[in-house]
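Given next are the chains, with one letter for each unit.
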Amino acid sequence: MLTSAQQRALDFIDQHRDDLIAFAQRLIATPSPNPGGSERAAAQVAQAQLHALGLTETTIEEPKPERSNLLYRYDSGRDGPTLLLNGHLDTKPPDPLDGWKTPPYQGVIQDGRLYGLGSADMKGPDAALVYGLAAAKLVGLSRGQVVLALTADEEGPALEGPRYLVQELGLRADAVLIAEPCGIRTDWEMIPLISRGISCLRFTVEGTQTHSSIGDRIPVVNASVEAARLLVYLDELLELHYPPTPLVPTGPTKNLGATFRGGEGIAKVSGHAEFTADIRTLPGMTREQLAADIDSAVEGFRRVRPGVTVGWTFYEGNLAFTQPTQIDAADPLVGAVQQAAETVLGAAPPLGYFPGGTDAIWWQGAAGIPTIPGFGPGLLSNCHKPNEYVVVDELIRAAKIYALTILNYLGEA
Amino acid sequence: MPPPLDEIRAAVQARQAWGIRALQDIIAVDSLAPDEEPCQLALAERLQDAGLPVELLPLDDGTLRSTNGFIDSGLRLDRRPNLVTHIGRPDGGRSLVLNSHIDTVTWADTADRWDVHPLSGAVRDGRLYGRGAMDAKGQVMSAIVAVLALHDLGYEPLGRAIVHSAVSEEPDGNGTLALCSQGWVGDAAINLEATDNHVAYGHRGIIGLRYHFEQAARHASIRGGQENVIVKAGRLADALDRGLTGWSDPSDALYGPPTLNVGRIEGGDDIFTTPHRVTMDVGVRYAPGTYDQVMSALDDSLTRDLTPRPTETQPLDSAIFQHFDAASVPPDGELAQTFLGCANTIDDDRRLVVFPAGCDARHFVNRYRTPTLIFGPGRLEQAHGINEYLDLAQWQKASEILALFITRWCR
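Going down the list, the sequences are from chains A and B.
As numbered in the working numbering, residues 1 to 413 make up the first sequence, in order.
As numbered in the working numbering, residues 1001 to 1411 make up the second sequence, in order.
Source of the hints: derived by calculation from the structure; they are not laboratory data.
Among the hints, a few may not be true.
[Stated by the list, open to error] The list that follows gives simulated cross-link-like pairs (lysine to aspartate or glutamate, DMTMM-like), each with its CA atoms no further than 25 Å apart:
id, chain 1, residue 1, chain 2, residue 2
1, A, 385, B, 1227
2, A, 254, A, 295
3, A, 101, B, 1269
4, A, 92, A, 316
5, A, 137, A, 79
6, A, 385, A, 98
7, A, 254, A, 189
8, A, 92, B, 1269
9, A, 137, A, 19
10, A, 92, A, 66
11, A, 137, A, 331
12, A, 385, B, 1266
13, A, 254, A, 288
14, A, 254, A, 206
15, A, 385, B, 1269
16, A, 137, A, 61
17, A, 101, A, 393
18, A, 101, B, 1270
19, A, 137, A, 174
20, A, 254, A, 236
21, A, 254, B, 1214
22, A, 64, A, 168
23, A, 385, B, 1270
24, A, 92, B, 1214
25, A, 92, A, 61
26, A, 254, B, 1266
27, A, 64, A, 316
28, A, 137, A, 206
29, A, 101, B, 1214
30, A, 254, B, 1269
31, A, 254, B, 1227
32, A, 92, A, 75
33, A, 254, B, 1238
34, A, 137, A, 412
35, A, 254, B, 1270
36, A, 101, A, 111
37, A, 92, B, 1270
38, A, 137, A, 11
39, A, 254, A, 299
40, A, 385, B, 1214
Just chain B, same shape as in the assembly (with noise of 0.2 Å):
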């Protein structure tokens, strides 16, 4: 018999002062990727003191390349190890996955902006700061604490609880990738990442379209018939940012219309000679299902809407360079209705919402048919940030929902 809702409460409450000395030692550490692996071993060290099992798995096993849904983002793949903890029997029942990630964001180049040191993990009027203290580091923390504070009780599930702690998140989702593809999915899963504890069913995609202009360069004294390339490729900068013209919005009304973001324009190289080539990277956000929609829309734009002067903005020529595809599960479904009742009995008018940014859901539910929800403490606005924080209230909340979602979900 499960324990009982008071019970797993006061659990997770008695590990909590645990739980933020694990999380400052590894906010300590610091994880860019591709140098995660201090910060797992350090993480393998109060796993194992706290007598849960550790399995620290190689990312690259020798297929991880040839995976579909690898991404190569150029960083090495050796010594990244993920790691592994699980508590539960292996084939008693249903299994959970709780998946979040270890690597973080650079913190050095605004370190000085902070109010606190980014590795410091000071905590201040209940909130912890440090790189990583939302996204993901306390994500990963949260997870370990609901199932350290079950085997705490002496629960054992009938189904597995496993915890991931994967590399690689932020710049390629190949730590995920890995553990999916050597086997460490379940029934469903759990993706941490910051929703502010409510329940997203699904996120959004990613489309990286890169476009190119071209003309022969010439010195710059000399006068042309042709536009200038970097303002042709203003004039579309121009145009994209104010959105897809005629777009329908036949999908789910939470994600929204796809969303156009102009990121990176580049071109010249010397102010005497005009510039010859321009690229411009665009990222479009779509909604899980649209994606034939949303290029086609843009095709479109391209050639006839987007502008009156379709002839002055039209690029050489543009390619995807990067897809991060989205993934949805059914928000009437029993996994989505189970965790957000989880949700409300623990915290007060949870949701059922969409996740904006792309995430590592996406391999669980696209290419390993296991149902992913997104959820834990924070709110997205934070990440990447100067002064991330964690809210330990929330935080300590979210592990309690998970306590209490392992024990209705894996029997």
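Chain A with its partners taken away, still in its complex shape (with noise of 0.2 Å):
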């Protein structure tokens, strides 16, 4: 049974279905590419769009130029937790373009699905993050504080963002919850309690850099062949350590060859080679088992194929490895968001992990926040591509939700 609060909530949310749509539409036909743009146009629009629902009390962070971070505060007057709602303002680049349908830039409704750059990751979700707020302000709130976050720089190096508002601005609250998408092939698919920290490395090997014709007269080492053959050894053989996580039942993921450069052509033996691979950790591990484990793999390679120069390099800066982070699941904004879950969608989804990166290792890993990493409607597979789409009505259930998030975690006034 919704309480009278939880039901004015939800129709507001309702009666403002298109203030939402077209809000939406707004933040799409507001171009913030990342790498390549900036998200300040974007901050003002959603700034423009907040006092135009009476939530003025906004700034907008910059820790570079063009660079926006808009901040919102809501203060019920009476002491209480913090909740932090995030969501980020810049999208990929458009590329490929010849392969949208409808222009990524213009939010373009068709079958009940509003397409367009961002339109779910993430400038769908964060137009009904204002809305879940405002109705939640309508209606008042017995405690606590609600800060709306929508950030820079979640597509590029993520410095900008979340990252300069906790570490510079020292931002703070007792839980956040962004709101990425999280299905994979149906939206709300589930309440990932993890985000998996991101860890890249570079193998390289060097070889005999000489004219290919007398490959087979003198001992030679083909540096791309070798390459090759350490990526298959690697894929067949490296054994990573880390602590059970029965969220995670596959284990980290292993995307070794990402990218591979080896040789010059077919007139000479291939003199080098080099191949990148990105493993996405679970919460325990560490850079350090990380290292061992594939030194351990490396040298079992160097014993099978004696005489190949062999090496490996973590990343330079952020990508070395990102811390994974994990929030309980006692923690009182899951069950405020599964509560929501369940009232909006008839049942709480399952919990579960993100597969990706998200600013979470700034808000959990970095400032300690007990962190949902991405509870938001769309398509995690739809993103980073052509034709990227939400469907409306989950965008309207995605408002409702956090509008009930909202009023489970901080009480109704």
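Need the complex rebuilt from these two chains, each delivered in its own frame; the hints are there to steer you.
Right, dumping it as structure tokens:
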């Protein structure tokens, strides 16, 4: 049974259905590709919308010009926890452009779907957060505060967004909900508690660069072939050690061979080859253990291919090893989301893990704030490519889930 | 009457100092294709000073692109003259072409690892160092010294001895093709390349095969059922490198079985997206006369023998993107035997061999009915490398062998 306050919040969203969609369309029509663009115009569009809804306590924080983070804080005036709602304002670039059936920077509705770059990842969810928050504020909260953070640079190096807010502005909360799409095959597939970490690696093999016509007449090492053998060897034999994680029965994902470059042509024995790999790590995994596991596999390869010069390194900077995160299933935010989802969807989705990297690495990894890394409408499998869409009805349900999550977590006035 | 052997040898020796200076002069002028013109002009000047006739011929006379054997490597065709010089009478006896090339491979990218500057032509301990010293400016000059020595002796062969300084051997072989198509062929040819002064009666061909692998790209964080295409290509690279299975070698044993060089492997754009496309280029070297057999063995290997898990290595498609054909002449024929005789008159223990790489001899043999041997000082291992050098004693012997052969062939 809904309380009357909850019903009023949901009614508000139903009444503003067209406004929410139009707002999402305005965000889509405001390009913010990363790399190559700026979040400022999108932040201003969102700020104007918040003001129009009476949510006026906004600021725009820019660690660098044009890299804009929009913050809004609603304080109930009574002590209590702070819930932070997070979406990002940037998108991937629209390439390849010729793959789009509708213009990427236009929110086009067809067959109940809203198409456009960022419709699911995540300007649509951003709009749902704004209307969910407006509905909760309309009802009023019994305690605590809600912070809305529409942030920069999620699709890039992730330095100008939540990292800046937590590390340089000292922004804190008691829990964070990120509205990234959580579906792979269907909407609302799970409530992810885990955000896997990312570790990017580079493997190199050196060979004997020489004229290929004498490759069978003198001893040579073909770097392209040996790198290919190393890759196949790792694919079959790289064993990663990690604590058992029931929510991720398949374990870490190894994308060995994300890119491969070797050799110059058919007339030369390849003198150098390298390939990159991307490991999606689980909570409890450490950089040291990962390095030891890779060293051990590479050592095994050296034993079967003696005489081949093999090396590997972590990427420089951020991508070397980002910390995997996990929110406790008993955290009040998880219960609040489950209850809201059950009310709106009929049943709460199962607990799971978010397959990709998110800004949870900053909220939880760096600032220690328990974070749900992605609970939002849309399918991850439709993102980062042409014809991205979100189902309009799911966008509306998202706003309702967010409104109820706020009310569940902080209590209605 | 041709001059006696000791006079030929003395005349070559007398031209050595001139030859070294002229070689240094043309090594000093960079001649990476398509920019061979300044070097050809420098060479023309030296030849004119020495009293030899010089013809500079356009690479493209308007027909090159439609000439059988033309390979489009994307390089421009204008301002790239071939150079020809010659001695002897036009129609009095059998003619002979001494062909080599003036273009070189790059040196700038490795210049800091050379002991001398790659354009210096510095002489140390009987070796002349520089890019092209052996491949192939030194070869060109070896032929020139041979004809010049005969010219110095006042000897005019009954048939013409023609020297080619061709452009564009390294990228595509179009320079020699143009000379052949413009009629600069003969009753026999010597293609000067590094054979250690052995006598090669044929050379292997090379087939460039390009394999593509594809699958739908997806976000790297999502686990899928398909194997990563780069891993798939890796399995094929491993299998190909182990060689063709079940190959029985019916060809001349000197050539050896076909070799597969997995050269370039390239795929994947972004570490966060699973690779959707991989390209793998494989060079297949094969003996003359075995092309069909090699191609069919490759097909069989791909579908059947190559791997216990053929579906995991099967490429989406493969295509021949480049083909330099193999060529051969009879090792027991008059040309090879006469030349071998000359070689052993001057040098010790010269043998009949085959040339493992592709070279311009193919144009003469396969398209212009000119039986051709491959011969020259230096070793192929040295080609395209750092500190490329020419052994001056062996170089002189090569000129003596060529001069002697001219007197025996062009009659």
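Here's how the hints hold up against the structure:
no.: 1; hint: A:385 x B:1227; result: 21 Å, holds
no.: 2; hint: A:254 x A:295; result: 16 Å, holds
no.: 3; hint: A:101 x B:1269; result: 23 Å, holds
no.: 4; hint: A:92 x A:316; result: 22 Å, holds
no.: 5; hint: A:137 x A:79; result: 16 Å, holds
no.: 6; hint: A:385 x A:98; result: 11 Å, holds
no.: 7; hint: A:254 x A:189; result: 23 Å, holds
no.: 8; hint: A:92 x B:1269; result: 15 Å, holds
no.: 9; hint: A:137 x A:19; result: 17 Å, holds
no.: 10; hint: A:92 x A:66; result: 16 Å, holds
no.: 11; hint: A:137 x A:331; result: 23 Å, holds
no.: 12; hint: A:385 x B:1266; result: 22 Å, holds
no.: 13; hint: A:254 x A:288; result: 17 Å, holds
no.: 14; hint: A:254 x A:206; result: 24 Å, holds
no.: 15; hint: A:385 x B:1269; result: 14 Å, holds
no.: 16; hint: A:137 x A:61; result: 23 Å, holds
no.: 17; hint: A:101 x A:393; result: 21 Å, holds
no.: 18; hint: A:101 x B:1270; result: 24 Å, holds
no.: 19; hint: A:137 x A:174; result: 19 Å, holds
no.: 20; hint: A:254 x A:236; result: 11 Å, holds
no.: 21; hint: A:254 x B:1214; result: 19 Å, holds
no.: 22; hint: A:64 x A:168; result: 12 Å, holds
no.: 23; hint: A:385 x B:1270; result: 13 Å, holds
no.: 24; hint: A:92 x B:1214; result: 23 Å, holds
no.: 25; hint: A:92 x A:61; result: 21 Å, holds
no.: 26; hint: A:254 x B:1266; result: 20 Å, holds
no.: 27; hint: A:64 x A:316; result: 22 Å, holds
no.: 28; hint: A:137 x A:206; result: 62 Å, violated
no.: 29; hint: A:101 x B:1214; result: 23 Å, holds
no.: 30; hint: A:254 x B:1269; result: 17 Å, holds
no.: 31; hint: A:254 x B:1227; result: 11 Å, holds
no.: 32; hint: A:92 x A:75; result: 33 Å, violated
no.: 33; hint: A:254 x B:1238; result: 21 Å, holds
no.: 34; hint: A:137 x A:412; result: 9 Å, holds
no.: 35; hint: A:254 x B:1270; result: 15 Å, holds
no.: 36; hint: A:101 x A:111; result: 14 Å, holds
no.: 37; hint: A:92 x B:1270; result: 13 Å, holds
no.: 38; hint: A:137 x A:11; result: 13 Å, holds
no.: 39; hint: A:254 x A:299; result: 19 Å, holds
no.: 40; hint: A:385 x B:1214; result: 17 Å, holds
Comparing the model with each numbered hint stated earlier shows that hints 28 and 32 do not hold.
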